[in-house]
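> Dock chains B, C and D against the given chain A, drawing on the hints supplied.
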Amino acid sequence: MSIEAKNENKEFKPLIVAFCCNWCSYAGADLAGSSRLAYPADVKIIRVPCSCRVNPLFILRAFQKGADGVILCGCHPGDCHYSTGNYYARRRMTLLFSMLDYLGVENGRTRVEWVSAAEGVKFSQTMNEFVEKIYSLGENVRLEDLRCKKN
Amino acid sequence: MSADAKLAQQIREISGVDTRKCMKCGRCSASCPAYNEMDIRPHQFVSYVQNGNVEALMNSKSIWKCLSCFACVERCPRDVKPAKVIEAVRLSVIRQRGENFLSPDEIPALLDDETPQQLLASAYRKYRK
Amino acid sequence: MQRIGVFVCHCGTNIAGTVDVKRVVEAVKKEPGVVYAEDYQYMCSEAGQQKIADAVKNEHLTGIVICSCSPRMHEGTFRKAAEKAGLNPYLVEIANIREQCSWIHKDMEEGTEKAVILARAAIAKVMLNAPLQPGESRVVKRALVIGGGIAGIQTALDIADAGYEVDIVEKTPSIGGRMSQLDKTFPTLDCSSCILTPKMGEVNAHEKINIYTYSEVEKVSGFVGDFSVDIRKKARYVDMDKCTGCGLCQEKCPSRKTPNEFNRGLNTRPAIYTPFAQAVPNVPVIDTEACIKFKTGKCGVCSKVCAAGAIDYTQKDEIITREYGAIVVATGFDTINLDKFDEYYYNQSKDVITALELERLMNAAGPTGGNVVRLSNGEHPKNIVFIQCVGSRDVTCRGKSYCSKICCMYTAKQAMLLKDHYPDVDVHVFYIDVRTPGKNFDEFYRRAVEEYDVDYIKGQVGKVSEAENGRLLVQGVDLIDNRQIKMEADLVVLATAIEPNKDVRKIATMLTASIDNNNFLTEAHPKLRPVESPTAGIFLSGVCQGPKDIPETVAQAGAAAIKVVGLLAKDKLVTNPCTAQSNPLFCNGCSACEKVCPYGAISYEEQQVMDGGVRENRRVAVVNSALCQGCGACTVACPSGAMDLKGFSNRQILAEVDAICR
Amino acid sequence: MTYSYFPGCTLKNKAKDLDFYARACAKALGFQLEEIPEWQCCGAVYPLASDEIATKLSSVRALKDAKAKGQDLVTVCSACHHVIKRVNDDMANVEEIRTKVNNYMSDEEPYNGETKVLHYLEVLRDVVGFDAIKEKVVNPLKGRKIGAYYGCMLLRPSVTMQFDDPENPSIIEDFIRAIGAEPVVYPMRNECCGGYISLKDKPMAANMVDQIMDSAAWKGAQELITACPLCMYNLRNNGTKEGLPVTYFTELLAEALGIKEEVQA
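Chains as they are written, first to last, in our numbering: chain A, 1 to 151; chain B, 152 to 280; chain C, 281 to 942; chain D, 943 to 1207.
Looking at chain A on its own, in the form it has when it is part of the complex (with noise of 0.2 Å):
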């Protein structure tokens, strides 16, 4: 991260949303926890039974809310607890993230990471990781709803 942008963010608070599997993220965010392994408060975890119960939708509504960074973090390949439910949730992550792309939500700001129950350390870093990344990017557009509009 260059050191301009840490100084023209110097008051961004980034809200950064992860979505984390039950049965292996989750438990890896709780051993970052019970080994202490710091990342900063910026970061939001919600369970969810697996990583393929994210609905797109549901990232869409955050960077809608106001996120800066939506991270969804699943079982290893393989390591599935429901066999095959990463797959699907990469399957369907690749063309979301490319479409936000599209939209102008920069590919920074969102990704998949495979965290098991016994990778503490690879979450809090790959956590870390992300805020860096999504300070050095500044504070997202948000995305609007247009349905909603008035006017």
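Everything labelled a hint here was simulated from the structure, so no lab data went into it. Positions of the beta carbon are idealized from the N, C-alpha and C atoms, including for glycine. Mixed in with the good hints there might be a few duds.
Once the Cα atoms are required to be at most 25 Å apart in a straight line, the calculated SDA-like pairs of lysine to any residue come out as [unchecked claim]:
#, chain 1, residue 1, chain 2, residue 2
1, D, 958, B, 175
2, D, 954, B, 175
3, C, 488, C, 540
Pair ranges (Cβ atoms, derived) [to be verified]:
#, chain 1, residue 1, chain 2, residue 2, range
4, C, 568, A, 78, 41 to 47 Å
5, C, 568, A, 121, 46 to 52 Å
6, C, 292, A, 11, 31 to 37 Å
7, A, 121, C, 522, 40 to 46 Å
8, D, 1010, A, 11, 41 to 47 Å
9, C, 719, A, 121, 55 to 61 Å
10, C, 760, B, 212, 20 to 26 Å
11, A, 78, C, 702, 45 to 51 Å
12, C, 870, A, 12, 40 to 46 Å
Below, chains B, C and D alone, put in the same frame as chain A:
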């Protein structure tokens, strides 16, 4: 930070080696072909730096004996890279104390008809700055 | 009108240290729907739970939020507390303000602010929670044990002795596992076979135990209490019922060049073979890769000599499908491949062997009849060098980062036995640390040093090569004496790192059991649930969970058995009510959900639907809640928004998103 | 196939024959070596310290030149190979070095370790193929018992060099077989010969050379081959006793291909 600790920190930075990773197994010293020529041994380099005793290393003749053959790096089970520590000490000696191990005046006497350019180039790299 | 209560736990100072709990209480009181909020030292304690119960009753709460540790820790506790107080347990939500807040932040301001937001998200969610009723599912009163080593044997015996049926599936032709390859066991030096073979016999004779040897698990479906497993019984080409185990076929078989797996390739075996003399069952198998009959069509010697007529070249693999209530993984370990450790000369010299190979050499039934010799020339070794931690505690790509745990003890054992059998030998052990936690373990190791004069050298070996006289040249270091050693040796024994059996990844995937970076199976809790996998109904026994010695393995095997018995003793299981459900009114019958369901829980049926006053027959999705595990894949696949997940509904998650992004 | 070729300082001087034979054999085997224009000495030792940038620049310049031409970079000298390959690895994987070097060079296009660095022996093994060489051999070196001397720089650290099994290499033995001779495996073939201390510490170098020579002779080698001019110098000149003859591997290759006289002329 004491002068000793500062020096040790500097060695860690130049070498890029995290001396805490060493588990003191000795496989570096078991592999070193120059072991018997050294007064302080490869595994001790790592622990001396860890303990902030770099002064002794800088006065050691071992830094001129290490062959940079990387046998210690290859076999280290903890990825510590003792050869880099030795190199960092050697560089510190040359850079800070200007203690060149080779002076241009002595070179002619060291040469023979066969001496490859490579030997001079490497000696200059290793022994002087 | 919802009436929500919020309970903020201090967890001693674990939470209160970085989160101002009083401020959290004040903040959540302002949230719409919240009618009650309080904080307490330990919410999970008896007294804490009582506070929740009292509030539920006095304040007529319709939902509660606990701001505490991870739901993975105490969600069950608080749900039970709610239920006791007369509230549906699924009207409880947890805000994780410990693991995901107080423990990772240092700044009180930051921690408090985040805790409030997490609490808000949980409040927003609980406002939309609906009471859920768990269903019931059956418990098949039979257990499957995968692996027939000492871990599997002990687990099977303990379950069977409690009165339940057990099947053992073992990949090799006989049960017995690694323990059957060992000569003596530490620290008592009793003979491994002498204590193992009676157990093998017991398993074989037990009326509740059924053994499938030379068999592998091929497919697993279902869930806790009700698994369905396909077992491939590989063709033995020997009729198990007819064979008398006389061994004549093995004696006469003309193909004798296959490396003997049981003896770690130190000698060869015939194409028709039992792995070892005490094999259970004592029925050979034909290795078709080596069998002349199978390769060329000509031979048939075994068939000719078999008086019982048991040889059957036409046998085919057989798939058996069985149902189980519980599955125990006991797949054990192997030693790592040493191809990346050529400095130890293992692949180059016959006189460099692994410790497991030495077990076979020391064993009276082994390839040398118990004579420890140099395999290069058959001579008796005079100087023997042991090298510890070969590939263990090695964080590079060559080795394993963990301690293999058993090596220090078996090395002391082997060193002592060698000195005992051959008083003229010198034994040296290069070690990094000697690790001997265990009853009578350190005393055992000290005996090797003090009574048997085994020379322990604190240091490692850099290289083993050939000396000019044909012996081995060991170059190592003695860190205490600070000298490099060049020592000639006749035999070098490597304490090779152990790793989980290669098949375990495949099996874990079938079972959806989690596995760590080293391929060890993960336990549900490292301290409090060490023999259970996080996947319900899957249990762990032996080294598949982590390195351990025989006593530990047997103890864990028994623990796994009692967990299985505890499960099988139940008549019914309560199922997870957080399952998917489809709204027939929105369903367009497209089958998108059915295709992504990993459990086959979704089917289609014709239903009469009232749509806008019009009665129609439509093809709509129906979820079988007994099969649905609640992953939610279908909810996202559904294009019309008909499919939703109870407990994690679209509205609930969106409410959480909104609360966080407010 | 045309490769960018980095001969290095010694091959232009004391090790001319290593260079001549390499070029001639390449031609005979159907690949071209295009010498990098105005290459600079690689420095002969890889700068191990993480704060050395200037000493890596000459390697990067050569690597960039090869990248611009879209060619792989081939070296013959073990030391050059070691230095350039490791610098290339730094440029690909070590963010700090990459940034500093690119900033220093301030060219428009940054270099990120794209060039593939090959040792001449790797070209023989992986591109030409030892079987193909065998077919082109007109003068097989029958009956000659040759020990391969690997030394350290080709093999270690194996994580970066990716040349062969560092503890039990086989590439030069396979090469020896391809030219019709009999390889002799001996324990000291991958031990350091002490080459670069031979300037200041002759006795130490002598001791190491003697050990290598003894080891090879005991296993029945009648001669040694090497790819390193420094090893060559040290093994030939610094032992205390009459050692085995040492030649460059390219010379034997030329001999087997029947072009040695031609090159000499």
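> Check each numbered hint against the structure and report the violated ones by number, ascending.
Numbers 1, 2, 3, 4, 7, 9 - these are the hints that the structure violates, sorted from lowest upward.
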